[in-house]
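K.L.:
Line order of the protein sequences matches chains W and E.
Residue numbering for the first sequence follows the working numbering, starting at 1 and increasing by one per position.
Residue numbering for the second sequence follows the working numbering, starting at 1 and increasing by one per position.
For the record, the hints were derived by calculation from the structure and aren't laboratory data.
Hints are supplied without guarantee of correctness; some may be wrong.
Given that identical chains are not distinguished, each listed pair holds provided it fits within a single copy or across any two copies.
[Claimed, not checked] Straight-line alpha carbon distances no greater than 25 angstroms define the calculated DMTMM-like cross-link-like pairs of lysine to aspartate or glutamate that follow: (1) K273 x D213; (2) K309 x D213; (3) K248 x D30; (4) K269 x D169; (5) K248 x E279; (6) K91 x D213; (7) K248 x D80; (8) K79 x E241; (9) K79 x E326.
There are 2 protein chains.
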Amino acid sequence: MKIALDAMGGDYAPATTVEGAVEALFENPDLSVILIGDENEIYAELKKKNYTGLQVSIKHASQTVEMDESPLAALRKKKDSSLRVAIDLVKNGHADAIVSAGNSGVVMATALHVLGKIPGIERPAIAAVMPTLKGRFVLIDAGANVDCKPVHLHQFAIMGEAYARYIFDIKSPKIGLLGIGEEDAKGNELTRETFKLLRNSKMNFLGNVEGKDIFAGEADVVVCDGFVGNIALKISEGLAEAMAKMLKREISERASGRIGYLFFKDALKNFKKKTDYSEYGGAPLLGISRPCIISHGRSTSKAIKNAVKLAANLHIKDVPDIILKEFNEGRSGREAVAIQE
Amino acid sequence: MKIALDAMGGDYAPATTVEGAVEALFENPDLSVILIGDENEIYAELKKKNYTGLQVSIKHASQTVEMDESPLAALRKKKDSSLRVAIDLVKNGHADAIVSAGNSGVVMATALHVLGKIPGIERPAIAAVMPTLKGRFVLIDAGANVDCKPVHLHQFAIMGEAYARYIFDIKSPKIGLLGIGEEDAKGNELTRETFKLLRNSKMNFLGNVEGKDIFAGEADVVVCDGFVGNIALKISEGLAEAMAKMLKREISERASGRIGYLFFKDALKNFKKKTDYSEYGGAPLLGISRPCIISHGRSTSKAIKNAVKLAANLHIKDVPDIILKEFNEGRSGREAVAIQE
Numbered sequence: 001m002k003i004a005l006d007a008m009g010g011d012y013a014p015a016t017t018v019e020g021a022v023e024a025l026f027e028n029p030d031l032s033v034i035l036i037g038d039e040n041e042i043y044a045e046l047k048k049k050n051y052t053g054l055q056v057s058i059k060h061a062s063q064t065v066e067m068d069e070s071p072l073a074a075l076r077k078k079k080d081s082s083l084r085v086a087i088d089l090v091k092n093g094h095a096d097a098i099v100s101a102g103n104s105g106v107v108m109a110t111a112l113h114v115l116g117k118i119p120g121i122e123r124p125a126i127a128a129v130m131p132t133l134k135g136r137f138v139l140i141d142a143g144a145n146v147d148c149k150p151v152h153l154h155q156f157a158i159m160g161e162a163y164a165r166y167i168f169d170i171k172s173p174k175i176g177l178l179g180i181g182e183e184d185a186k187g188n189e190l191t192r193e194t195f196k197l198l199r200n201s202k203m204n205f206l207g208n209v210e211g212k213d214i215f216a217g218e219a220d221v222v223v224c225d226g227f228v229g230n231i232a233l234k235i236s237e238g239l240a241e242a243m244a245k246m247l248k249r250e251i252s253e254r255a256s257g258r259i260g261y262l263f264f265k266d267a268l269k270n271f272k273k274k275t276d277y278s279e280y281g282g283a284p285l286l287g288i289s290r291p292c293i294i295s296h297g298r299s300t301s302k303a304i305k306n307a308v309k310l311a312a313n314l315h316i317k318d319v320p321d322i323i324l325k326e327f328n329e330g331r332s333g334r335e336a337v338a339i340q341e
Numbered sequence: 001m002k003i004a005l006d007a008m009g010g011d012y013a014p015a016t017t018v019e020g021a022v023e024a025l026f027e028n029p030d031l032s033v034i035l036i037g038d039e040n041e042i043y044a045e046l047k048k049k050n051y052t053g054l055q056v057s058i059k060h061a062s063q064t065v066e067m068d069e070s071p072l073a074a075l076r077k078k079k080d081s082s083l084r085v086a087i088d089l090v091k092n093g094h095a096d097a098i099v100s101a102g103n104s105g106v107v108m109a110t111a112l113h114v115l116g117k118i119p120g121i122e123r124p125a126i127a128a129v130m131p132t133l134k135g136r137f138v139l140i141d142a143g144a145n146v147d148c149k150p151v152h153l154h155q156f157a158i159m160g161e162a163y164a165r166y167i168f169d170i171k172s173p174k175i176g177l178l179g180i181g182e183e184d185a186k187g188n189e190l191t192r193e194t195f196k197l198l199r200n201s202k203m204n205f206l207g208n209v210e211g212k213d214i215f216a217g218e219a220d221v222v223v224c225d226g227f228v229g230n231i232a233l234k235i236s237e238g239l240a241e242a243m244a245k246m247l248k249r250e251i252s253e254r255a256s257g258r259i260g261y262l263f264f265k266d267a268l269k270n271f272k273k274k275t276d277y278s279e280y281g282g283a284p285l286l287g288i289s290r291p292c293i294i295s296h297g298r299s300t301s302k303a304i305k306n307a308v309k310l311a312a313n314l315h316i317k318d319v320p321d322i323i324l325k326e327f328n329e330g331r332s333g334r335e336a337v338a339i340q341e
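If we strip away everything but chain W, and leave its shape as in the complex, we get (with noise of 0.2 angstroms):
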């Protein structure tokens, strides 16, 4: 199974790139990965790693997406960037997923033109995982489509559902509509409308939920617009990473600040993985054909490894494959999302 890997996507691009695949590499030696872009600079950077025995190999590309670039922009003058080629590998059956932490609009932009969508989805959506206090939950859309109806968000539910199934093992995922208020006819006009297409599904709909009820764990997957979800997204981080911030002050103002941070220290760290996004590596653009996973622009190497390995899961799932058919086979209530077509 080969990975192809955008490795000049992301801030710390291709140091990070190469390493994180180096490591998943080394987790995973069944695995095989692509590594694209300027040939100099990622050899530059493999050689430093020890590969003996890893399917590692080095596909060169000449241009570079950059972070601000427009889609249309990108797509129309980069055909030979890491992202295009790394996506065309796919689209031509030489590799079976991408991986890309480069801009994120330009990696949803080719993917959807290149490779297409699952034949009936009418918007592909990222599904982002997020940390509760039993485990984790899938938030879809965090962030493709800014302004959405309600089909657009029942399909969402129905590929977060998927998702949830095959890639968390849960059997019956619980889905909920990220909404105010717990009654049906609270809301705006997309989450009422939305909320009545998921009550005639054949889902496990549990309403409306707020932040109270997500982060307690009650919902295996979320749904929203894109707007509402990056938002969400990233007041989540935003706030996660405030909080350790302020709490670390706190500890280290005291006059028993250093040995009361001894005891600190490691639970902090514990504590900090669970709610560190580097841990789930990557998001994936679901509705899209082949497996694409978009990662963080701020990766880490330890973010690509675990997008690296996720891109994998996916393809051995054969998670596209599996939305076309819950899709068509009408588990999750195509009929309804039929009559809004």
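Assemble chain E onto chain W, guided by the hints.
P.N.:
Just chain E now, with coordinates in the frame of chain W:
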């Protein structure tokens, strides 16, 4: 200065409301509080306290608004509810401001119906206060309006700015638009249009802000529609609560847990205080002609105490009148608001 307190509003009322009122009066003996609701129940709570010398009185009301009651039904059928009587007292000049921890939808609808809006303001909005690494920021709208137009968000910014200036004594409050990505072209239809209005206003507009920026304390006022704002607020509350629990668990699970916890206890307490919403007491519904504070349904007596003090402060600074002047004198870009109307 007289505050009308809906003594029956909130999950733990009237015990917490009466206690909160007495605490506020102890701290500020110039204040006067009218407790509105069932006189027997209120008196039973009041006589448990030492209130000698405090300016506290009881006004009987025979009805109570339920937490799940619809605003329309309450407006029609509950003309002698503690909430309605409290708001009527403000309307008739017998009180200067109103505080309620009851059904927030009914509080908003009743305040709007009885007290009316500040001329020129299309929609009142909830201004909640949230903690940052540096201090705090005002989130507006935190839940009053679920479907908004750009002109509404522009008006929220004007009201939030006045609030931050007069209540938090910030000379030129920095205004951020809660969005996705920092560039002006990013966001959804609503925020892209609002961005243009705010950029053309006379306010100190920072542009789009995300989770990381807001908890770092970059903006004094964060503007969004009430759906997004309520989700942001609830996610923050939910995550802060979950994080405190996770951390406690981490520490107590360790061998040195008990000793570590001793060091950690005070730090956690202080930290909790910073992220505890009861510290802020409640959120004003800005845009209403008189000061109106909406407190959390789960308000403790401390939250009620702080809400009463905040109500008094809004009255002393005459915030509704300031908003009226700001709005009509065009300091905040009246012209752009008018174009959209």
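K.L.:
Now tell me if each hint is right for this structure.
P.N.:
Each hint, compared with the structure:
1. K273 x D213: both (22 angstroms within a copy, 22 angstroms between copies)
2. K309 x D213: Neither: 30 angstroms inside a copy, 31 angstroms across copies.
3. K248 x D30: So K248 and D30 fail the 25 angstroms test inside a copy (41 angstroms) and across (40 angstroms) alike.
4. K269 x D169: For K269 and D169, the Cα distance exceeds 25 angstroms both inside one copy (27 angstroms) and across copies (38 angstroms).
5. K248 x E279: Intra 22 angstroms, inter 21 angstroms, cutoff 25 angstroms: intra and inter.
6. K91 x D213: neither (40 angstroms within a copy, 38 angstroms between copies)
7. K248 x D80: neither (46 angstroms within a copy, 51 angstroms between copies)
8. K79 x E241: neither (38 angstroms within a copy, 48 angstroms between copies)
9. K79 x E326: Neither. Shortest intra-copy (34 angstroms) and inter-copy (53 angstroms) distances fail the 25 angstroms Cα cut-off.
In this structure, the earlier hints numbered 2, 3, 4, 6, 7, 8, 9 are contradicted, and the remaining ones agree with it.
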